[in-house]
Amino acid sequence: MDVLLPALGNVMAPMALLTLLLGTLAGMTIGALPGLSSTMGVALCIPITFSMPPELALILLGAVYVSSVYGGSVTAILLRTPGTDASIATALDGYPLAEAGRGGEALGMATLGSLFGGLFSVIVLIAIAPPLSTVALAFGPQEYTVLAIFGLVTIVGVASDRPLKGVLSAAVGLVLATVGLDAFTGVQRFTFGQSELFEGVPLLPVLIGLFSVSQAFNLCVPAGGGVLTSKEQKLKGRGLPLWHDIRRSLRTMLRSSVIGSVVGILPGAGTSIASFISYNEARRHSSTPERFGKGELEGVAASESANNAVTGGTLIPTLTLGIPGNAVTAVFVGGLTIHGLIPGPSLFTDHAETTYTLILSLLFANVLFAVLGLWLCRYLVVVTKVPGAVLGPMILVFSVIGTYALRNAVFDVWLAVAFGVVGYFMERWRYPAAPLVIALILGPILEVNFRRSMQIAHWDLTTFFTRPLSLTLCLLVVLAVAYPLWIQWRRRKLQR
Amino acid sequence: MTLDTIDRGVAMLMGVLCGVVVVVGLGMRGDAGLFPAIAGTLGLLACLGIVLDTLRSRPPDELPPTLPWQRFTVWSLCILGLLGLMVTVGTFVALPLFLLTSLRWLGHLRWAAALTIAITFSALIYVVFVHLLTVPLPAGWLVD
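Sequence lines, in order, name chains A and B.
Here the first sequence stands for residues 1 to 496, numbered as in our numbering.
Here the second sequence stands for residues 1 to 144, numbered as in our numbering.
None of these hints come from the bench; they were simulated from the model.
One thing to keep in mind: the hints can contain errors.
[Stated by the list, open to error] Computed, partial: chain B to chain A, Cβ under 10 angstroms: (1) L3; (2) I6; (3) D31; (4) A46; (5) S57; (6) P68; (7) C78; (8) M86; (9) V89; (10) F98; (11) S102; (12) R110; (13) A114; (14) A118.
All residues carry an ideal CB built from backbone N, CA and C; glycine is no exception.
Using the sequences plus the hints, can you model the full thing?
Shown next as structure tokens:
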């Protein structure tokens, strides 16, 4: 409570509320634009936050994150063009509802579901993060080593349908993480004499390159570079679902929010996975499963509650342990570090007020996008009429200037553009970018803690199995490796 | 070109690079090269796995959409021009020029529309970054 009240004061300050409003509007717009992801939205906002106080910066990033996940549902329902992959499951029932003249009801249910899921996940975040950060204070180098391996193993397993491509992507990230002066010996590693690389490959230009510049390529290069969607919106009918329908969907929303929050906590699993699991669960528990896919409000509620519940869940391992579970939280880590905030237990001890400001702002952002969503959703569809070849150059300019603004270095801009090209071809050839980014963040944590552990234990590798916490985490790593292999083996056996 | 062929090419190229990382890592002083060597070995193993995977008999992979090389080249040249002009002529000459050429050639907008968007967006960037965030963007000959 000592920290909550000042944090609440921070969020309620006029400038903070204005930032929250702008962030929510920007996030909703980015989310509604097919092809633009939450990750790109947060990455593009980081340079703007550079000169802001940390509290305002985190409010902006948090608002963009949660509202962009919601924004994707608007175009999924009205145009069957999900703005983000989180809303693919929403389109399954949302669009048939819109076609049946119940688009307003579907949007209302999506908004209520998103609000429910978002608020639920923030409550989970408030309940779990502080005790987990207390446990994390007991972590030594051995635990952090195993935890970093756990983060890498899980992201590699789920990031691509071909795990080997994920492994290669992660390996490249780990190699990039070794660039710079070695913290232990002072040896220059792969710097090629470039002073800009002495402190390592800068994270933010890589993030902006992989997620924003590559997106600008995706928008501009395809032949035609035309309008993102030319479909006509189908927003008709009442603006909110009937109370009867809301009451019927409450249980689904609660179940989906639990699924979303749990999936969010697990590294690697993202919003789309959560929304599909919840959608299937809602259909399995429904008394009218045959209506799913043909225009069932419960289906919309399930998908939207789950994908918004992921947002708070993903921040739990990021804020408490410093282990980002997906690409958006990896970008979030970048946003925290430029403000001198190191993700991990210290966020809840040394920077508790700032951290709680972020958490409370997420609550407010959820309420704000719900209010704005009900009012503005029909206008959001207009942004999808902007041609990709018009949007692309603007995103590129913003990325270039934003990257330069981070350190006033042209080198960073070249780096971002180079990673943009790499990211563009990675996407075309289906190499996931998330493992690369997460390995780039986890690499130094892994290396420093591994070498520290080895110094303490005189190169005795059993040190990782003799401490209870470390041993538990080792078992989790084994589980994270074995489970997907077991699933694959079972699937092959069934196919035979 | 199938995705398998591309994967094989990528794996070979990355395999060579990872091999170089391992060799350089093993030659570093103290244990500084240990982690690069581990990461490089992981990359090598992944490349080997990808190559072996592409050689397995399975239904042919779907082809990636053809890359429109002409548009890709024009767009890349526009970006190179932007970066080059930013530091020489100045950001606020390079930005509208880049936007104008991109919108006109790639977006096929009319001159008037392209010019309006280019100037308006450059002005927005000026207000946000130079005025509000006080970022000293490269001024080039504008200041010299």
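Here is how each hint holds up against the structure:
1. Interface hint status for B:L3: upheld, as the beta-carbon distance to the closest one in chain A is roughly 7 angstroms, under 10 angstroms.
2. Hint status for B:I6: holds, given a least beta-carbon distance of 5 angstroms to chain A, under 10 angstroms.
3. With a cut of 10 angstroms, the hint placing B:D31 at the interface with chain A holds, because the nearest CB-to-CB distance is about 7 angstroms.
4. Hint status for B:A46: holds, given a least beta-carbon distance of 4 angstroms to chain A, under 10 angstroms.
5. The restraint placing B:S57 at the interface with chain A is violated, with a minimum CB-CB distance near 15 angstroms, outside the 10 angstroms limit.
6. Hint on B:P68 holds. Least Cβ distance to chain A is approximately 5 angstroms, under the 10 angstroms limit.
7. Below 10 angstroms, beta-carbon pairs count as interface contacts, and B:C78 has one with chain A at about 8 angstroms; its hint therefore holds.
8. Hint status for B:M86 relative to chain A: holds, with the closest Cβ pair at about 8 angstroms, below 10 angstroms.
9. The closest approach between the C-beta of B:V89 and any C-beta of chain A is roughly 14 angstroms, which is over the 10 angstroms cut-off, so the hint fails.
10. Interface restraint check for B:F98: the shortest CB-CB distance to chain A comes to about 7 angstroms, inside 10 angstroms, so the restraint holds.
11. The restraint placing B:S102 at the interface with chain A holds, with a minimum CB-CB distance near 4 angstroms, inside the 10 angstroms limit.
12. The beta carbon of B:R110 comes no nearer than 12 angstroms to any beta carbon in chain A, farther than 10 angstroms, and the hint placing it at the interface is violated.
13. Using the Cβ-Cβ criterion of 10 angstroms, the hint placing B:A114 at the interface with chain A is satisfied: the shortest such distance is roughly 9 angstroms.
14. The interface hint given for B:A118 holds, since its Cβ lies 9 angstroms from the closest Cβ of chain A, which is under the 10 angstroms cut-off.
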